[in-house]
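Asker: Sequence:
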Amino acid sequence: MRTISKVGLGVAGVAVLLFAQAAPASADAAAQGADIVGIGSDTIQYASDFLADGDYLGNPGFNAAGARVFSFDATGDARGTLTAGATVVLRAGTFPVVRPNGSGGGLTYFTQTDTGAVKKVQFVRSSRKPTKAEDDRAIANGWGGLRCYQLGLDGLKIATSKLVTSNAGTGGISTADLKKIYSSPPQITTWGQVTGYNGPNAGATIVPILPPATSGTEQFFIAQLGLTEAQVRTTAEGLVRAEEHDPAPVQSNANAIAPFSTARLVMIHNGYFNNGTAQDPINLLSGGSTFDVTRPVYFIVRNSEINTSWNRALFAPGGFLSQAFLAQPLIEDAAGFTYQYADAGLCHTA
Numbered sequence: 001m002r003t004i005s006k007v008g009l010g011v012a013g014v015a016v017l018l019f020a021q022a023a024p025a026s027a028d029a030a031a032q033g034a035d036i037v038g039i040g041s042d043t044i045q046y047a048s049d050f051l052a053d054g055d056y057l058g059n060p061g062f063n064a065a066g067a068r069v070f071s072f073d074a075t076g077d078a079r080g081t082l083t084a085g086a087t088v089v090l091r092a093g094t095f096p097v098v099r100p101n102g103s104g105g106g107l108t109y110f111t112q113t114d115t116g117a118v119k120k121v122q123f124v125r126s127s128r129k130p131t132k133a134e135d136d137r138a139i140a141n142g143w144g145g146l147r148c149y150q151l152g153l154d155g156l157k158i159a160t161s162k163l164v165t166s167n168a169g170t171g172g173i174s175t176a177d178l179k180k181i182y183s184s185p186p187q188i189t190t191w192g193q194v195t196g197y198n199g200p201n202a203g204a205t206i207v208p209i210l211p212p213a214t215s216g217t218e219q220f221f222i223a224q225l226g227l228t229e230a231q232v233r234t235t236a237e238g239l240v241r242a243e244e245h246d247p248a249p250v251q252s253n254a255n256a257i258a259p260f261s262t263a264r265l266v267m268i269h270n271g272y273f274n275n276g277t278a279q280d281p282i283n284l285l286s287g288g289s290t291f292d293v294t295r296p297v298y299f300i301v302r303n304s305e306i307n308t309s310w311n312r313a314l315f316a317p318g319g320f321l322s323q324a325f326l327a328q329p330l331i332e333d334a335a336g337f338t339y340q341y342a343d344a345g346l347c348h349t350a
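If you use the numbering used here, the sequence shown corresponds to residues 1 to 350, in order.
By construction, these hints were calculated from the structure, which means they are not laboratory data. Cβ coordinates follow ideal geometry from the N, Cα and C atoms, glycine included. You can trust all of the hints, since none of them are fake.
Cross-link-like lysine-lysine pairs, in silico, PhoX-like; alpha carbons within 25 Å at most: (1) Lys-162 x Lys-179; (2) Lys-119 x Lys-132; (3) Lys-120 x Lys-132.
Each pair of labels, with its calculated beta carbon distance range: (4) Ala-278 x Ala-344: 32 to 38 Å; (5) His-269 x Ala-324: 19 to 25 Å; (6) Pro-60 x Gly-276: 14 to 20 Å; (7) Gly-142 x Ala-202: 56 to 62 Å; (8) Gly-226 x Asn-141: 27 to 33 Å; (9) Ser-174 x Ser-309: 45 to 51 Å; (10) His-269 x Arg-241: 22 to 28 Å; (11) Ser-252 x Asp-77: 18 to 24 Å; (12) Thr-228 x Thr-87: 29 to 35 Å.
Generate coordinates for the entire structure from the input sequences, incorporating the hints supplied.
Answerer: See below:
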């Protein structure tokens, strides 16, 4: 079980808070009245954890003296595997709720459920910008919109198996062909239909994997392909749904493909999920016209709370996240992102 930790680190000119991650068991410590709570993205949950408690490389996290911040993971497993229906108590004295899994799950809870006078959640981890609909709900709630603080950049590529030889070949898969694979009805179902295919088994059926529909990675990925949720291939048509950035469904399936975070692969290679022993279970396709994009990732708060002491100390310019000498080792070296802080202001997609 992970416990609240304190690291002696001062930040001149800003108030200090305690970041702490609550482990999934219901008996664990719960956020109290003044504590700061975060939910949402699987993609950046570990960056948030490391900013809280320090990381496995020995870099110290945010100091504590006053309020505490709890960053609840997207799933009930610290390794990031899917735990369907897992619940969490977001604040002491409240009922358990199903964990808001993913950027979309976090933003939905934030803007549609946590709208009372006393808020359970103060920030959402997100691997995409809010949609206009999500921002409109924030405005309707009287918050003046959603404020985005960029912590860094993440690469998104297509993962294939490495523990067994993939049938994908080395030619990569273009965005246009991915759209045909992931669309409903699918227009590409076997490897031999992929443009420039040079693999060993042209007749084998491709197994396309996507994260849950609440995932920011899923929403970002299908938008890159030019698909809406209604146009995505169904499970009846051979689509597999699995937790984002979990290598397990891909690593031993020669025909599997899935969008995968380059930052998460850094952590896998660093041995974070294997008691410090490096792992190398998947390939990320690269080169040529293969799908390969970079995306910013964010912490999102209510615009009405940007001048609170906790936000000024934490996310706003001059706060902990903006201090490269403090935050960069945690976000880049340990969590695998390219550190690139920005106050992105009121932000949403068109």
